[in-house]
Structures are given as structure tokens and as C-alpha cells.
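Colleague: Whole structure, please, built from the sequences with the hints as guidance.
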Amino acid sequence: MSHHHDAPLRSSNRDLQEIEKNMDRRRFLTKTSLGLGSLALGSLMGMEKIFAENPQTQPLLSESTNGLAGLPHFMPKAKRVIYLFQSGGPSQLELYDYKPKLIDLHGQELPDSVRDGQRLTGMSADQSSFPMTASAFKFSQYGQSRAWVSELMPHTAEIVDELCFIKSMQTGQINHDPAITFFQTGHQLPGRPSMGAWLSYGLGSDNQNLPSFIVLVSKNGEQDQPLYARLWGNGFLPSQYQGIQFRSGIDPVLYLGNPENYDGKDRREMLDYLKSLNEVQLDTYGDPEISARIAQYEMAFRMQTSVPEITDMSKESDSVYEMYGEESRDPGTYAANCLLARKLIEKDVKFVQLYHQGWDQHGNLPGGIKNQCQKTDRATAALIKDLKQRGLLEDTLVVWGGEFGRTVYSQGTLSPDNYGRDHHPRCFTKWMCGAGVKPGFTYGETDDFGYNVVKDPVHVHDLQATILHLFGIDHQKLTYKHQGRRFRLTDVEGHVVKGILT
Amino acid sequence: MIQDLITFIGRFHPLWVHLPIGFLIIAVFFKAYVVLGKKPAMQEAVSFSLLLGTISALIAAVLGFLLSQSGGYEDDLLVIHLMAGWTTVIISGIAWWVNKNELRFGRKLNYTVLGFMILALSVTGHFGGSLTHGEDYLTAFAPFGEKQKETKGRVLAKVEDAEVFTDVIQPILRSKCQSCHRSGKSKGELNLASYETMLQGGENGPVFIAADAEKSELIRRVTLPSDHEDFMPAEGKKPLTEAEIQVLIWWIAKGKADPKASLMAADEEIIAWAKPRLNILGGEKMLAVSIDTVHLKALEKMGFRVRVLSHESGALDVVLPSDAAKDRASELLKALLPIKDQIYWLSLAGTGIQDADMAQIAQFPNLQRLRIENNPVSDSGISGLRSLSKLESLNLNGTKVSGAGLEPLAEINSLKSLFLWNTAIDPQDQRVEKISAAGVKVVFGG
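Sequence order for the protein chains is W and F.
Letter by letter, the first sequence follows residues 1 to 502 in my numbering.
Letter by letter, the second sequence follows residues 1 to 446 in my numbering.
Since the hints were derived computationally from the structure, they do not count as laboratory data.
This structure is a prediction, so every number in the text was calculated from the model and none was measured.
Just so you know, not all the hints are guaranteed correct.
[Said to hold, decoys possible] The calculated DSS-like cross-link candidates involving lysine-lysine, where the alpha carbons are at most 27 angstroms apart (straight line), are:
no., chain 1, residue 1, chain 2, residue 2
1, W, LYS375, W, LYS343
2, F, LYS256, W, LYS438
3, W, LYS101, W, LYS455
4, F, LYS254, F, LYS158
5, W, LYS343, F, LYS39
6, W, LYS343, F, LYS441
7, F, LYS340, W, LYS385
8, F, LYS108, F, LYS39
9, F, LYS158, F, LYS340
10, F, LYS416, W, LYS438
11, W, LYS315, W, LYS385
12, W, LYS219, W, LYS101
13, F, LYS297, W, LYS275
14, F, LYS254, W, LYS498
15, F, LYS390, F, LYS158
16, F, LYS254, W, LYS343
17, W, LYS347, F, LYS416
18, F, LYS416, W, LYS498
19, W, LYS385, F, LYS400
20, W, LYS385, W, LYS375
21, F, LYS326, W, LYS265
22, F, LYS441, F, LYS390
23, W, LYS347, F, LYS334
24, F, LYS390, W, LYS275
25, F, LYS326, F, LYS400
26, W, LYS385, F, LYS434
27, W, LYS77, F, LYS340
28, F, LYS301, F, LYS275
29, W, LYS347, F, LYS297
Modeller: This is the structure:
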């Protein structure tokens, strides 16, 4: 059975006729008087100011990718990014920032001159003592770059010659939610678009069959700190640019299959009709959310075939699972998400955002961090090796890190075999890898206490500016006008960290 | 005070002049209607229109005279415009009189006078327009004659020859300032047409003070808040862009306002901004590589994915997804020939391309990254790639390449990375070591 809706919609459909009729006397007067008023205003204020071409409010979409016309601003290095976000604040002192002098200082009070009056969180500010704590784990140097890595990350240690460590990260935020919101959206308060949304908005998509910004949250991270959808939200950008979260399970996107006993043949026809209905509404009300809705229906339709294809793991060999670790056979784990990320990147998805929670070790740090590393280390290293052998690291950027670091002093009692560390925004380590960043390189330095940056500080906005730069975007020029001002990911700050670029 | 009032009233001139133009032209149309349409009853309307035309022309002439008192107009043009205007007033008055008494003066005289009236009107209008918009306003974009002779700036042999003032600043002044400040219409007694006239300054003194951008009037005026009385360009004309202002500041501050200062001495950002705006002989690659959107759309219909990498060079990233190739890859490849110079990155992974197709790819002279992994390509095809002198990265994973196939690749001096995972090549092969020693990063994986 087939329906035909070829006749002009407006005349054939009763609902649409109703909408047309809605242009009643009141609406007519409102529209015309406003129209005349604005024309008069226009001539008073100078037509140019009102009708001037405004690239911010009237973005010209380039045909091929639906990105902004004029972007990229210059030749990019990166085509795609995998952001391995380690939520909770992994301790730099246990993983990458080796501080041998702490062994001698172990147990001594943190000098006031080092803390320099810094505000602490409510969780440790009341402590009577701030004993400096050396890492319980051994460090060694690896690779040709002789980078220091602790025994917790044996697999990452194998790939240090691919990595670019930034030891001197800094943030202004000391609590999880503002700090992670700051990292992902450029502002500590909710409401701004996330980095992935900015990139999708600016550069569009390289694969029309999949969302350009996909979010994967590990199911096997200890969910001690929540993650919010706003971390991959579109903020004030049109909503088709928000990140699409895949569920952590066998069926990452629900309801993609057709209902039982439905052969799906007239789905396309139904969507075409729905699209023309929505277009009438768009004509009438001009709400950009309607065009976002149209785009999303179309995307969902294409995902009916593209997503089952991408989540089909049957073509992956056993050696791949061995490389990523046994857990990668269990969909939704960090390891499985790393493998899925590689597959998405192979399909030219622009931004794959992983989250792995559970790095918030206020107490029982040695046990907690060991557990975290066991779940993530092997798969992280496997992902880098896999991207490299496939030639994808040439134009894929990988970023690893959390929202802040952890204090050198022990939170709670320092016992011979146990301690904790509180949030520390003044210095922490992130690493980047792949397209356009120096391999086997370390940038920035912290002091012997692992408390302050002594060389080449990198602020959150600097990192964001650098990531945009690698995509050929001038972070000062990618803006969106909202509520009367232009916004950008880096707010009014940010400098490209040229020292880490190839 | 009186002067202000005169200027205020005088400024109604450009608005008012359209009345007599309309009245006098409609009078001629009415006259034609009377004669050709044989409607003698309309004769009255002709006279009435001519009367209105004459009165409004008189008022326009008076307003015009008042406006001319505020100064800032080129004398020669002004005198012609003024004389022509008064002539129009007088002729239209005569036309009204002759037309009213057509029986006495005869039709021939009536038509002649009307003809002269339109002529006078046109001359007046033309010179009025030249006064406000500049003398070449009408002809600058005409399809005939020497067009746009100065709008693009002089032609340079190479970027290194560019001078900040002549090649970058003058075009800015031309488009943003000279509609008011030029020979012929020097508002505020300021003429920005050339370096020499700029040195003379205006009624507010010098235009710039070399090496001191902050104290320079030019910079002050363009950087004021746009609602400030002194802001330039005035009257809602298109303001200077941030980049244009930066160039001016650089030239005055660091270039010490030297008219011969080289563009190469300027900051990196300024050079990058100015480069594509220069008029370079033979159109170097960075220039004018127009991106043919129609062709790109056609490529997309065939299944290619095309992304612009750089709008300056026109560089493109072209991907043919394996499911779009459907065994037609070699046929589809031919469609890339029209953009062969623009392909910088190319991915044909898993598309089924074969040795014979390599000759096609070898024709893309600017290719930097090439992905042809997972295709039945062997040594004989790959050797054809040696002519790609800009190739930096080559992905041969899963191809039939052998150790012997590496030898021609060693000729590509630009090559930095080579991917040989899932090939029959032994990592210990001497030829692998040789190419590694030449600085190529060879990746086997596994």
C-alpha cells in the first residue's frame, strides 16, 4: 500500500489550512505595525547597521559539509579528535609528574610559602596538618623521550614516544562540576556550548550518516561524581550540534530497529511528509529549533543503517580484543568504548568524547587509582597503537586528562600504606597525541613539591585555543551572537600553545 | 549659528532635487500622450506639471546654493552644476510659457524647448551625482572602457615587492575614505588621495604623526566609538574593519609612516591578511584559486566527500568512502581531474582501486597525504607515485606492495610517514632500513 502526497500540501491538508487562517486581524496588525516600525527605525539608524551582513547571526552554511563558510581559517592539522576525559581529577603525582624530592619530604608539613594562601576545598581546609605525601608507586623512564611514568600505567609507558605531556595545566576551578564544565564549555557556569558542539557548528560533518559529535560514557567507572548532558550540550547553538550520547550497552541507540511486522518501506515516505509539515511550521514561525528537528529526524533515519554497521563487532579479530584487553568484549566498558571510538574515527566522525569516572580519590588513593588504571591503561595505549598502525594518528588528535589535579598533601590521615589527595587546580598533567602535536615531548614544569607551575603554564582556555588551532580555527573568530553579544569557546582569553605544535 | 541653519536647510537639496526631475519628466510624458495618444484634454496637465517643475526647480536651486556655502566641494564641478541648475530653472520656465501659448509659438518651438529642458536637466543631474559620489561613480563598473583602473591596486611581480602604503593602505583609503576626502571633494579640507596630499593634512591639522599612532588623528578618528561625533567614516558609511585599522596602526607606529615601507617588514598576521588582497602578476597559487562549488557539488553527488582545507590556497581534502565506490572507483577518479591542483589530502581506502589507477593519482601535483590502504595495489602501480613531489604521508596498509616497491618511493624527498601494516614486507628488510634512514617514519603496527 502506498500513499501519495504529491499535491501541494497547503491546499490539501486541513491542519495546514488552519495554520494559514491563523493570520487573523490581530496577527495582521501586529505584524504589519512591527514591520512598518522597523522599517522606519531602519531609516533613522542607517540601514547599514540593521541590514548589514552579519556573519554571526546569518551564518552561511557551506554546501558540502554544512560547516560555516570561510572555515577553516587556515590549513588544519587535525580532522578528528578523541577526547579521553578522566572525570574526577586523576592524580598527576601518582601517574606522570615524578617528584623524587617528596620522598625526603614525606610526612613533613606543606610550607606556607608553597601554598601561598591558596583557598582549599571545604573537605580539607579544616585539617590541622597538611603532610606532604610521596607517591606510593615507583616511577621509571621510558622510550627514547625518557618520559617518567609510574608503574600504574605499564601500557601507556610503552607509547610515551607518541605522547606530548603537558605538566603545567592550570584551572581556576576547584570543584568537580564547575571545573569540568569549564573544561568542556569554556565557562564554569552551565549554558555555554561544549567544545564538540563548537567544532560541529564551525566545521560541520564529514559523514552525513553519523552525528559529528558522539559521546561515550564508561559503565565501569565508579560513578562518584555525576556527569551532565550539558557537558556535551549545544548551549545556545542550534540543537543539532549537541553531542549524541551512545548508551553503554549492546544497543547504543534505542529504537533504531523497525517495529515488529513493519517492513519499513514507507518510512521514507512518512519522513518526507513529516518534513514538509515541519517546513510549513518553519515558514510560519521561523523557529530554528524546527530546522534542528528536521535535521534530527533525517539523521535518525540514516542512523538506522549506519549505527548497526558501526557497532557490529563481528569483523574485529581476536587479536584486536587482546590488544584492547578482555574487557573490550563487554560493550560499554572503557576498553570497549576505546575500540568503538576507533571505529567511529575510521568513519570520519569528527569528535568522539569518552568519559571515564572514578578518579576522585580523596581517601584510599593507592587502592582507588590502581583500580582505575587497570580499567583504562591497556585500552588507552591500545587505542593509540591502533590509530597509529592504521595511519589515523596523522590526522586524529587524542587528548587524555581530567578537570584538575590532586594536592601534594594528604587529605585525611597519612598512614604508612594509605593516604588521600584533595582537588588541586594549580597544576596537573594532561597529554595530547597525534595530529599536529610534538610526539615524545614534555611541556611545562612544576616545582619540587608538585604544587605550583614554574615553567610554561597552560590554562584551560589555552588548551581549548590550541585544539581549535589544530582544526584550522582561530579561536577568536569562531563566535556566535546570542543575547546581544558574541560568545566564543575561549571567552576573552586563550593563547595557542605554540610550543607543543609540530 | 546662521551658518548652521544654512547648512541644515541646504542639506535638503539632495532630497528635494528629485521633485523637479520627476515633474519635468512627467510633463514630457504627458506631452507625448497628448500628441501620440491624441488626447488634447491632457494639454492642461502638461502645463501644470511644467509649472510645478519650474517652481520646485527654483527651490532646488536655492537649496543647492545654500548647500554649496558649507564648502567641501570641488570648485569646477560645482560651478558647472550650479550653472546647469539655473539653466534648467530658466528653460523649464520658458517651456511652461511656450507650452501654455503653443498656438502662438508653434509646435516646433515647443518641442525644441522641451528637448533642451531635458538636456539641461540631465547635465545638472549628472554633475550633481559626480559631486556626491565621485566622478567615476557611473563609469567605474561599466562593461566598456578602462574599467576599475585603480580599484584593485597596482600589479606586483611578487609578494616581496609589496609596500604597505601603496598596496595595502591606499586600497583601504580608496574604498573607505575617499568618497569624501579626495581631489574634488575634500571635506574638512582633507584629501587622502595620495601620500603627498595626506602630508598636507586637513583643517584639524596633520593626518598622522610618524611613529606615534596614538596621537595620530587618522587613528583617533577611526577608533572612536561609532556614535561619537568625530567618528570616521561619518554618516553611517561602512566603518574600517579591525584588520584594516591594525594595518594603519602598524604603518604609522612601526613603519614610521614611510610610504615605501615593505609589507614583508610587517607583523605575520598583517602579511597573512594582506597577501590574498594583493594583485600579483600571474596569480600565484595563494591567490584566486576559486573553489568551484558547482563541481564540488557534482562530486558529492557521485559519492565523494569534499572538504575545503584552506580558502587561501583552495586546498581540498577528498574522501571516497568505500561503500560509495561500488567498483567504479577508477571511473569516479576521472571526475577529480578538473580539481587536480587542489587535492592536498586524498583517501581512497578500500575503494577497490588498482595499479592502473595510480597514473591518475600521480597527476595530483599538490598531494600531501594519500590513503590507498586495503586495495589490490602492487609495486608496479605504486612506482607511478614517485612523481608526487609534495607527498608527506602514504598509507599502503593491506596492499600487495613488496620490498622492491619501496625503492621508487625513496625518490620522494618530501615523504615523512609510510604505513606498511598488513603487507608482505618484512620490517627487517634492507630497503625498509634504507628508507627509514632517509628520514621516513615507517609504521608496521601489530
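Colleague: Which of the listed hints are broken here?
Modeller: The structure breaks hints 2, 5, 7, 12, 16, 24 and 28; every other hint is satisfied.
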